[in-house]
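Engineer: Sequence:
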Amino acid sequence: MQIFPRREAFHELECDFSSFDLEAVGTCLAFLDTTAEVYAAFDKHFERFGLSAGKFTILMQLYTAKRGLSPSEFANRANVTRATITGLLDRLEREGLVERKAHSNDRRMLTITLTEQGKKLVDRVLPEHFCRTKGLMTNLTSTEKKTFIKLLDKLRSGIPALSDPSWDHSNLTI
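FYI, the numbering for the sequence shown is 59 to 232, going by this note's numbering.
No wet-lab data here; the hints were simulated from the structure. C-beta atoms are modelled at their ideal positions from N, C-alpha and C, and glycine is treated no differently. Be a bit skeptical, because a hint or two may be false.
[Unchecked claim] What follows is a list of derived Cβ distance ranges for each label pair: (1) ARG152 x SER76: 50 to 58 Å; (2) GLN175 x TYR97: 22 to 30 Å; (3) GLU81 x MET167: 44 to 52 Å; (4) ASP164 x SER200: 23 to 31 Å; (5) GLU153 x SER130: 21 to 29 Å; (6) ALA94 x GLU186: 19 to 27 Å; (7) GLU66 x ARG125: 54 to 62 Å; (8) THR205 x ASN134: 46 to 54 Å.
Turn these sequences into a full structure, and let the hints steer you where they fit.
Structural biologist: Rendered as structure tokens:
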């Protein structure tokens, strides 16, 4: 399914809207298309292990933390709601990959830990995951990878233009 208009439609938009910037829109669409393809590829990769990107993220957070984490720590780290984390944790717990324990100092709080089965799964996934991630980036030189990161940082700094209702566009040429 094609969500965005074809390139031919851009000429009309350029005529109808003085703020239309073909180069900016084209670059943004290329970025979004690539991002969607990468996410779809990661989904297929994780499916082979019975995981989703969200489940993998939680397992990796626990694996690298080397300690239990609270649901709110997961939500803060992933920048998602506690409800989203709760659903993922419920599924991971049913699958025997994580367990909830009462916090050692505050019984009202929970600590999530990786089970032995969860650790074994992560140990099985990571070698292939790292190899496939390397394969994704194989066509970029070391210098290009560093430049890409810098460009993504620059792109990230423009996100308020989309998300912040109080963003001031008066400094742009329209």
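Engineer: The structure should be examined with respect to each hint, and the outcome stated for every one.
Structural biologist: Results for each hint:
Evaluation of the 50 to 58 Å hint for ARG152 and SER76 yields a pass: the beta carbon distance comes to about 55 Å. Against the hinted window of 22 to 30 Å, the Cβ-Cβ separation of GLN175 and TYR97 comes to about 27 Å, which satisfies the hint. The given range of 44 to 52 Å is respected by GLU81 and MET167, whose C-beta atoms sit roughly 50 Å from each other. Distance hint check: the CB atoms of ASP164 and SER200 are about 46 Å apart, inconsistent with the given range 23 to 31 Å.
The given range of 21 to 29 Å is respected by GLU153 and SER130, whose C-beta atoms sit roughly 22 Å from each other. For the pair ALA94 and GLU186, the beta carbons lie near 23 Å from each other, so the given range of 19 to 27 Å is met. For GLU66 and ARG125, the Cβ-Cβ distance of about 55 Å falls inside the hinted range of 54 to 62 Å, so the restraint holds. A hinted range of 46 to 54 Å is violated for the C-beta pair THR205 and ASN134, which are about 30 Å apart.
This entry does not satisfy hints 4 and 8, going by the numbered hints stated previously.
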